[in-house]
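Asks: Please build the complete structure, drawing on both the sequences and the hints.
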Amino acid sequence: MNNNYNIRLVVEPDMPKIQILAVETFFESFNDGAKSEDIQLYLQNEMSYQNLISEFNAKESSFIVIEDNKTKVLIGYMKINMISSYWGIHESNNNLLEIERIYILSDYQSHGLGLKLIEFAKKFAKLQNINTMVLSVYDKNKRGLSFYEKNGFKVVTEHNFLLGKDNRNCLVMECNI
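Residue numbering for the sequence shown follows full-length UniProt numbering, beginning at 1 and increasing consecutively.
Just to be clear, a hint being listed does not mean it is correct.
[Claimed, not checked] Listed next, the in silico EDC-like pairs over lysine to aspartate or glutamate satisfying Cα-Cα at most 20 Å (straight line): (1) Lys140 to Glu100; (2) Lys142 to Glu100; (3) Lys17 to Glu100; (4) Lys116 to Glu67; (5) Lys17 to Glu46; (6) Lys17 to Asp68; (7) Lys123 to Glu46.
The hints are simulated quantities; they were obtained by calculation from the structure and are not laboratory data.
Replies: So this is what it looks like as C-alpha coordinates:
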(Lines of atoms letter the chains of each structure in order from A; the text may use other names.)
(Lines give C-alpha, C1' and ligand atoms only; values in the text may rest on other atoms or scores of the structure.)
Protein backbone atom coordinates (compact mmCIF):
# COMPACT_ATOMS: atom_id res chain seq x y z
CA MET A 1 0.00 0.00 0.00
CA ASN A 2 1.27 3.46 -0.78
CA ASN A 3 0.41 6.80 0.76
CA ASN A 4 -2.82 7.12 -1.21
CA TYR A 5 -4.80 5.89 1.79
CA ASN A 6 -5.10 6.93 5.40
CA ILE A 7 -6.19 4.59 8.20
CA ARG A 8 -7.55 6.37 11.24
CA LEU A 9 -10.02 6.20 14.09
CA VAL A 10 -13.53 7.33 13.17
CA VAL A 11 -14.84 10.53 14.75
CA GLU A 12 -18.53 11.20 15.25
CA PRO A 13 -18.91 13.52 12.20
CA ASP A 14 -17.82 10.52 10.05
CA MET A 15 -20.78 8.42 11.17
CA PRO A 16 -23.27 9.36 8.40
CA LYS A 17 -20.65 8.28 5.82
CA ILE A 18 -19.82 5.16 7.87
CA GLN A 19 -23.49 4.19 7.82
CA ILE A 20 -23.59 4.46 4.01
CA LEU A 21 -20.31 2.52 3.74
CA ALA A 22 -21.57 -0.14 6.18
CA VAL A 23 -24.71 -0.75 4.13
CA GLU A 24 -22.87 -0.80 0.80
CA THR A 25 -20.05 -3.11 1.91
CA PHE A 26 -22.40 -5.46 3.77
CA PHE A 27 -24.63 -5.72 0.72
CA GLU A 28 -21.61 -6.40 -1.53
CA SER A 29 -20.44 -9.12 0.85
CA PHE A 30 -23.72 -10.93 1.42
CA ASN A 31 -25.90 -10.39 -1.67
CA ASP A 32 -24.63 -13.59 -3.30
CA GLY A 33 -26.81 -16.44 -2.10
CA ALA A 34 -28.83 -14.43 0.44
CA LYS A 35 -32.48 -13.47 0.04
CA SER A 36 -32.94 -9.75 -0.47
CA GLU A 37 -35.56 -9.62 2.32
CA ASP A 38 -33.06 -11.19 4.76
CA ILE A 39 -30.42 -8.62 3.82
CA GLN A 40 -32.92 -5.76 4.12
CA LEU A 41 -34.11 -6.96 7.53
CA TYR A 42 -30.54 -7.19 8.81
CA LEU A 43 -29.57 -3.80 7.40
CA GLN A 44 -32.64 -2.12 8.91
CA ASN A 45 -31.91 -3.55 12.34
CA GLU A 46 -28.12 -3.69 12.57
CA MET A 47 -26.86 -1.05 10.17
CA SER A 48 -29.32 1.72 10.96
CA TYR A 49 -27.77 5.06 11.79
CA GLN A 50 -29.18 4.91 15.33
CA ASN A 51 -27.68 1.48 15.95
CA LEU A 52 -24.29 2.46 14.55
CA ILE A 53 -24.20 5.62 16.70
CA SER A 54 -25.00 3.51 19.74
CA GLU A 55 -22.14 1.16 18.85
CA PHE A 56 -19.82 4.12 18.20
CA ASN A 57 -20.57 5.53 21.66
CA ALA A 58 -19.92 2.22 23.47
CA LYS A 59 -16.71 2.63 25.48
CA GLU A 60 -15.43 -0.86 24.59
CA SER A 61 -15.78 -0.28 20.82
CA SER A 62 -13.83 1.63 18.18
CA PHE A 63 -14.40 2.18 14.48
CA ILE A 64 -11.43 2.50 12.12
CA VAL A 65 -11.76 3.80 8.57
CA ILE A 66 -9.69 3.71 5.39
CA GLU A 67 -9.89 6.98 3.52
CA ASP A 68 -8.63 7.88 0.06
CA ASN A 69 -6.20 10.77 0.67
CA LYS A 70 -7.03 12.54 -2.59
CA THR A 71 -10.80 12.25 -2.70
CA LYS A 72 -11.45 11.84 1.06
CA VAL A 73 -13.85 9.02 0.10
CA LEU A 74 -14.23 6.32 2.77
CA ILE A 75 -13.46 2.97 1.13
CA GLY A 76 -13.42 0.54 4.04
CA TYR A 77 -13.88 0.24 7.76
CA MET A 78 -13.39 -2.03 10.74
CA LYS A 79 -15.21 -2.21 14.08
CA ILE A 80 -13.28 -3.63 17.03
CA ASN A 81 -14.36 -4.41 20.59
CA MET A 82 -12.40 -5.00 23.77
CA ILE A 83 -14.10 -7.97 25.43
CA SER A 84 -13.48 -10.74 27.98
CA SER A 85 -15.17 -13.68 26.25
CA TYR A 86 -16.16 -14.73 22.76
CA TRP A 87 -17.99 -17.93 21.79
CA GLY A 88 -16.23 -20.04 24.42
CA ILE A 89 -12.92 -18.15 24.43
CA HIS A 90 -12.38 -16.46 27.80
CA GLU A 91 -9.76 -13.98 28.98
CA SER A 92 -9.70 -11.91 32.13
CA ASN A 93 -9.68 -8.11 32.26
CA ASN A 94 -11.23 -7.60 28.81
CA ASN A 95 -8.15 -9.18 27.29
CA LEU A 96 -9.59 -10.04 23.88
CA LEU A 97 -9.89 -7.82 20.86
CA GLU A 98 -12.81 -8.77 18.66
CA ILE A 99 -12.81 -7.74 15.03
CA GLU A 100 -16.58 -7.52 14.68
CA ARG A 101 -16.60 -6.09 11.17
CA ILE A 102 -13.98 -5.59 8.51
CA TYR A 103 -15.30 -4.46 5.13
CA ILE A 104 -13.69 -2.87 2.08
CA LEU A 105 -15.54 -1.75 -1.03
CA SER A 106 -15.12 -4.40 -3.72
CA ASP A 107 -13.29 -2.02 -6.11
CA TYR A 108 -10.54 -1.59 -3.49
CA GLN A 109 -10.12 -5.22 -2.45
CA SER A 110 -6.89 -7.12 -3.20
CA HIS A 111 -4.77 -3.99 -2.69
CA GLY A 112 -3.40 -4.88 0.75
CA LEU A 113 -5.91 -2.72 2.63
CA GLY A 114 -7.37 -5.62 4.64
CA LEU A 115 -3.87 -6.47 5.82
CA LYS A 116 -3.35 -2.85 6.87
CA LEU A 117 -6.54 -3.01 8.94
CA ILE A 118 -5.38 -6.24 10.61
CA GLU A 119 -2.01 -4.63 11.36
CA PHE A 120 -3.79 -1.59 12.82
CA ALA A 121 -5.90 -3.89 15.03
CA LYS A 122 -2.79 -5.72 16.25
CA LYS A 123 -1.05 -2.45 17.16
CA PHE A 124 -4.21 -1.22 18.88
CA ALA A 125 -4.43 -4.47 20.85
CA LYS A 126 -0.81 -4.27 21.97
CA LEU A 127 -1.32 -0.70 23.20
CA GLN A 128 -4.22 -2.00 25.31
CA ASN A 129 -2.17 -4.98 26.61
CA ILE A 130 -4.44 -7.36 24.73
CA ASN A 131 -2.75 -10.52 23.49
CA THR A 132 -5.51 -12.34 21.58
CA MET A 133 -7.70 -11.26 18.65
CA VAL A 134 -10.91 -13.06 17.71
CA LEU A 135 -13.42 -12.85 14.87
CA SER A 136 -16.14 -14.78 13.09
CA VAL A 137 -16.29 -15.47 9.38
CA TYR A 138 -19.12 -17.01 7.35
CA ASP A 139 -18.06 -20.59 6.59
CA LYS A 140 -18.83 -20.16 2.87
CA ASN A 141 -16.60 -17.05 2.67
CA LYS A 142 -13.56 -18.96 1.41
CA ARG A 143 -11.71 -15.79 0.42
CA GLY A 144 -12.14 -14.28 3.89
CA LEU A 145 -11.23 -17.53 5.60
CA SER A 146 -8.05 -17.83 3.53
CA PHE A 147 -7.15 -14.18 4.25
CA TYR A 148 -7.51 -14.63 8.02
CA GLU A 149 -5.55 -17.91 8.00
CA LYS A 150 -2.70 -16.21 6.07
CA ASN A 151 -2.65 -13.57 8.81
CA GLY A 152 -2.28 -16.00 11.72
CA PHE A 153 -5.90 -16.77 12.64
CA LYS A 154 -6.94 -20.34 13.39
CA VAL A 155 -10.44 -21.82 13.57
CA VAL A 156 -11.31 -22.74 17.16
CA THR A 157 -15.10 -23.24 17.14
CA GLU A 158 -18.23 -22.17 15.28
CA HIS A 159 -21.58 -20.51 15.92
CA ASN A 160 -24.74 -19.51 14.08
CA PHE A 161 -25.35 -16.05 12.64
CA LEU A 162 -28.86 -14.86 11.88
CA LEU A 163 -29.00 -12.91 8.62
CA GLY A 164 -32.61 -11.79 8.65
CA LYS A 165 -34.37 -15.14 8.96
CA ASP A 166 -31.50 -17.14 7.42
CA ASN A 167 -29.44 -19.03 10.01
CA ARG A 168 -25.82 -19.21 8.78
CA ASN A 169 -22.82 -21.04 10.18
CA CYS A 170 -19.80 -18.92 11.11
CA LEU A 171 -16.32 -20.06 12.05
CA VAL A 172 -14.75 -18.50 15.15
CA MET A 173 -11.09 -17.70 14.62
CA GLU A 174 -8.37 -16.70 17.08
CA CYS A 175 -4.94 -15.11 16.66
CA ASN A 176 -2.33 -14.66 19.36
CA ILE A 177 -0.46 -11.40 19.02
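Asks: Does Lys17 pair with Glu46 here, judged by a C-alpha cut-off of 20 Å?
Replies: The given pair, whose Cα atoms are some 16 Å apart, holds under the 20 Å limit.
Asks: Taken at face value, is the distance from the CA of Glu100 to the CA of Lys140 at most 20 Å?
Replies: 17 Å, holds
Asks: Do the alpha carbons of Lys17 and Asp68 lie within 20 Å of each other, as the hint requires?
Replies: 13 Å, holds
Asks: Given the hint that Lys17 pairs with Glu100, does the C-alpha gap stay at or below 20 Å?
Replies: Judged against 20 Å, a Cα distance of about 19 Å means the pair holds.
Asks: Within 20 Å, alpha carbon to alpha carbon, are Lys142 and Glu100?
Replies: 18 Å, holds
Asks: For the pair supplied as a hint, Lys116 and Glu67, confirm whether the alpha-carbon distance does not exceed 20 Å.
Replies: With a Cα-Cα distance of about 12 Å, the restraint between Lys116 and Glu67 holds, given a limit of 20 Å.
Asks: Take a quick look at whether Lys123 and Glu46 sit within 20 Å of each other, Cα to Cα.
Replies: Given that 20 Å is the threshold and the Cα spacing comes to 27 Å, the pair is violated.
Of the numbered hints stated above, the single one contradicted by the structure is hint 7.
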